[in-house]
Amino acid sequence: MNQDEARSALDGVDDIQREFALACAKYPFWRHAAFGLVMGLLVLAQGFDLLPKMALVVVAMAGCAWLVTDDRRRYGMFVNGYRKGRTLPWTLALVAVMLAAGGVEVYAYFAGWSLAPKLGIAAAAFAVALMGSVLWTRIYRRELLAGGAAK
Amino acid sequence: MSAPEQPSGREGIDMVLHAPARMQIAALLGKVSDMEFARIRDLLKVSDSVLSKHLSALSEAGYVDLRKATAGGRQRTWASLTRDGRRAFATHVAALRAIVDQVPQAAE
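Chains as they are written, first to last, in this note's numbering: chain A, 3 to 153; chain B, 3 to 110.
Since the hints were made in silico from the structure, they are not lab data.
What you are looking at is a predicted structure, and each value in this text was computed from that prediction instead of being measured.
Treat the hints with care, as some may be off.
[As the list claims (entries may be wrong)] 27 Å max Cα-Cα, derived DSS-like pairs, lysine-lysine:
1. 86/A with 70/B
2. 70/B with 47/B
3. 55/A with 47/B
4. 28/A with 86/A
5. 55/A with 120/A
6. 55/B with 70/B
7. 28/A with 47/B
The shape of chain A in the complex, shown without the other chains:
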């Protein structure tokens, strides 16, 4: 294989990833909101007794499973949020924030806080997860568009 063939092969990799980014790697706002809702429910669940907690976790897990199934049906693919690449630090940061929010919900439960602040914490988690999902997708697209195989 000579230099031109090697460069052409690497360019082919960058080209297909760019095309993929432009054609497929984008999601509607409702998809980000649905992810935020799942995260918000998981956080909210931590502020309740065992039974309502389990019910909320089951609903959130069912929502998560539905999102995976719907992604495959609608887009013909699935991208795991924990994938290696430029998105991983952002994923881990988002998980850390969600765990912290869940921790505050647990504190609220033991401190006997009323429902309003618990809902407020969950709403904040929803907003952060929604924005996190939007930014995650942007980072993912940027990674695909940047190419790099030929560099």
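Please arrange chain B on chain A, whose structure you already have, making use of the hints.
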């Protein structure tokens, strides 16, 4: 006894991934958890039979996992890159980069 010398930069070239379409399939699958046959075909702009052939070759080499799933009454084929496939793709890309980088030095 020393091993026969290989031309620098050619080490790591994987003949299974040598075909440009197979490399592009691996490049796509490397960025997702899995992808449906029709989606890959549309992105690569190849026919069903051509894609089938390439996916079979990648699957036989252990680089791609193929699974069939029924959705909406239709059977669909899903492809994902295996760990071996990811490793082979990374090695192949590195070898190609070495070839690209090597030539200017040789010309000096």
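Outcome of the hint check:
In summary, the hint linking residue 86/A to residue 70/B is supported, as the alpha carbons are separated by about 26 Å, within the 27 Å threshold. Under the criterion of a C-alpha separation no larger than 27 Å, the hint pairing residue 70/B with residue 47/B is consistent with the structure, at around 22 Å. Of the pairs offered as hints, the one joining residue 55/A and residue 47/B is violated, with about 49 Å between alpha carbons and a cut-off of 27 Å exceeded. Of the supplied pair hints, the one linking residue 28/A and residue 86/A holds, its CA atoms being roughly 19 Å apart against a limit of 27 Å.
Straight-line distance between C-alpha atoms of residue 55/A and residue 120/A comes to about 13 Å, which keeps the hinted pair within the 27 Å bound. The straight-line distance between the Cα atoms of residue 55/B and residue 70/B is roughly 16 Å, inside the 27 Å bound, and the hint therefore holds. A threshold of 27 Å between alpha carbons decides the hint, and for residue 28/A with residue 47/B the separation of about 20 Å falls inside it, so the pair holds.
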